[in-house]
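Asks: Using the hints provided, position chain B relative to the given structure of chain A.
What follows is each chain in one-letter form.
2 protein chains.
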Amino acid sequence: MKKNMIIGQSGGPTAVINSSLAGAVESALEKEEIDTVYGMINGINGLIEENIINLTEIFKDKSSELNRLRLTPAMYLGSCRYKLSDEDSEYEKIISVLKKYNVGYFIYIGGNDSMDTVDKLSKYVAKNGIDLKVVGIPKTIDNDLVGIDHSPGFGSAAKYIALAVREVAYDTSIYAIKSVHIIETMGRNAGWIAGSSALAREGGNLAPHLIYLPEVPFSVDKFISDVKNKLMKFNSVIVVVSEGIKDESGNYISAKGDKTDKFGHVMLSGTGEVLKQLIEEQIGCKVRALEPSVLQRSAGHTSSLTDVTEAFNLGTVAVDAAVRGECGVFSSLRRTCNKPYAVEYFTENVSIVANAEKTVPLEWINDEGNDVTDEFIDYIRPLVRGVPQVPYRNGLPDYIDVSHLDKKTQEYS
Amino acid sequence: MKKNMIIGQSGGPTAVINSSLAGAVESALEKEEIDTVYGMINGINGLIEENIINLTEIFKDKSSELNRLRLTPAMYLGSCRYKLSDEDSEYEKIISVLKKYNVGYFIYIGGNDSMDTVDKLSKYVAKNGIDLKVVGIPKTIDNDLVGIDHSPGFGSAAKYIALAVREVAYDTSIYAIKSVHIIETMGRNAGWIAGSSALAREGGNLAPHLIYLPEVPFSVDKFISDVKNKLMKFNSVIVVVSEGIKDESGNYISAKGDKTDKFGHVMLSGTGEVLKQLIEEQIGCKVRALEPSVLQRSAGHTSSLTDVTEAFNLGTVAVDAAVRGECGVFSSLRRTCNKPYAVEYFTENVSIVANAEKTVPLEWINDEGNDVTDEFIDYIRPLVRGVPQVPYRNGLPDYIDVSHLDKKTQEYS
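In order, the protein sequences belong to chains A and B.
Under the working numbering, the final residue of the first sequence carries the number 413; numbering is consecutive throughout.
Under the working numbering, the final residue of the second sequence carries the number 413; numbering is consecutive throughout.
By construction, these hints were calculated from the structure, which means they are not laboratory data.
It cannot be assumed that every hint is accurate.
The list treats identical chains as one, so a pair stands whether inside a single copy or across any two.
To be verified - Using 20 angstroms as the maximum straight-line C-alpha spacing, the simulated EDC-like pairs for lysine to aspartate or glutamate come out as follows:
1) Lys178 - Glu49
2) Lys60 - Asp35
3) Lys3 - Glu33
4) Lys100 - Glu90
5) Lys230 - Asp406
6) Lys178 - Asp406
The shape of chain A in the complex, shown without the other chains (with noise of 0.2 angstroms):
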């Protein structure tokens, strides 16, 4: 019997989510075991609601318009940071929705909150006898998750970050005197978007000349020796800094590292500023911190074809997956092969990365701890290659239209 299946979005969002989904509904159109295909709007709060729309009914015999989804940054259906709790009035709650809908696939797409999302319903499921299918789809720009050689959406973070670098080294050599710029990626505890800057070195550029990850202890001292001693050999010396270096004690170095998330994270910002600062009290140059902020993780007119075809190949295997029956499952891959690249795509259980944190493993950063080593750049760069087809229009992406996020959340708010 035919069942229906229903996809959602969690977390942050990444350039290329938008692109999982594409490959998922394109994929569940296709499958004569799957009838209507919906999306819940804001996860697993809105099917809670019951806020779900009719994915069928607009992308069906569509292909331009799940084109332009596939290109357009951010989450079409939107998010949300909900922790499931342990009580199975929640389970029943999103159960008899489920059953209302008749779905018996269930594709979430996001990273390790998420993952333990379909890690705790999967095995709900199971342990109840219910005929559903729950797998998911990883994305997170941090790259953070185990169990798959590079996760979706880090490609183009790591793609933006290396451009934003390159442009601002070009920007600031312009001028005959001293400067120190401080550029402040994300990055909690994995330095993996700070480290990827090092694209940024071609053609003539040796910017970044510094790099700081979380995974090795910031010491001010050194901090300031090294810039020092880059300031004798360039004019404009560039700094790369996760948000989340801490001290030898474990202390974030961001002075903001006091309030917290849903989830517990340390909601870091500031970084930057706190060491142009300390730049400008102990060298007193000229100093300036830039913060990329969200534009590093929505840049969908900068993504990188590799991560858009990736993420979109991520969506189909997760459908094929839950129509062949497997569940507590995401969507993996691995790669086979560097020079050419080539990568291959499984599934892996869900609980392996429910919670897991995958960091630049120590050798791959320099015995300075100011920098990544050569194996680290062979990682990464075949991560942010090709240029995607965005469409444009008036001068500007044309991305698909999102509008409907806040009327529907009007609609419960």
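Replies: Below, chain B alone, put in the same frame as chain A:
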């Protein structure tokens, strides 16, 4: 008798100053009247120090290198911020270097401070009967130059900001909670860049919801009331604000308005942060301030083809004018038609642009002082159109090598 040409760049960078340089070089290399084309490194400063490179050697018969130059942001020749004094000795030094290099044509690319240099130097050579043709090429992201329909560099900055605002809007649309994002743009006294963010509104996107320009006095009470009203209608409210907004008494809203640069300009930043704190205190919802900073002026990867093309043409027009014997002028353009967009090029007396400033007409700002009118948008729209074919290598824009800048400046620092 053949004479040589020397070209310099000055002031702040834009995405398309090198396109003007490419236009000037390409044109000069074709001229029978011109022997060698030189470049002064770091503007008039470098000229005085005889920090000079041979552009004929670098670009003659190298059309692909000229094309890379055309699409590389910032300044291939470096910049300076140097105001010519009224001392004869300074002009005598400049003229002695120019005579040594047999220079008959002096081309200077810059904003209104740089046009001041063109103005003064052209008056000096006229007064002293020196055979030197001094011609300016305009540039500035601020679009505040008079005597030209719009400034080269502005279209690309406008496009960057519109794009950034659209992507931030997508990023923030995903959460079903009330939030405010404040994006602070460059623009001391002119709100052109802030206003251009209105182009982000298309395809269902209504952001930015509020835009504040420095041309009208900023009221904190009105601002808080505006934001509260928008929060009644939308979950995610996007505010764009020019760095230079001032209160009724003419005081900058920025807390950091007490530093000045060499030209006496007040150095601004932090306006967005000040507004963020106001919202935190008086409204209390989630709020984030973003400052794209230098990223908005050197984003070659997303420059406007219209801008790149016009900047190139203004370079050729300036060289043509110099060879024709014009002096004390700058190359300019006027819009002959808006739909379809068309311009014509001409030269204008440089004294009208030096130290003058073109702000947004008050009738192009709405009555509430929190948005721009359709006339503003009609004026801006053609300027961001077109996507240049930026060459890519390994996933990133393959800009021309500018490492000569740091080497040269080391020599005389």
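Asks: Since the copies are identical, ignore which copy is meant and state whether Lys230 and Asp406 lie within 20 angstroms (CA to CA) inside a copy, between copies, both or neither.
Replies: Answer is between; shortest inter-copy Cα gap is 12 angstroms, intra-copy 48 angstroms.
Asks: At most 20 angstroms between C-alpha atoms: does Lys3 with Glu33 qualify within a copy, between copies, both, or neither?
Replies: So Lys3 and Glu33 pass the 20 angstroms test inside one copy only (7 angstroms; across, 79 angstroms).
Asks: Please sort Lys178 with Glu49 into within, between, both or neither, judging by C-alpha distance up to 20 angstroms.
Replies: between (57 angstroms within a copy, 18 angstroms between copies)
Asks: Regarding Lys100 and Glu90, is the shortest C-alpha distance of 20 angstroms or less found within a copy, between copies, in both, or in neither?
Replies: Answer is within: at 16 angstroms inside a copy they meet the 20 angstroms cutoff, but 85 angstroms across does not.
Asks: Using 20 angstroms as the alpha carbon limit, work out where Lys178 and Asp406 are close: within a copy, between copies, both or neither.
Replies: Classified as between; 10 angstroms across copies, 47 angstroms inside a copy.
Asks: Given identical chains, is Lys60 near Asp35, meaning Cα to Cα at most 20 angstroms, within a copy, between copies, both, or neither?
Replies: within (12 angstroms within a copy, 65 angstroms between copies)
The structure shown violates none of the earlier numbered hints.
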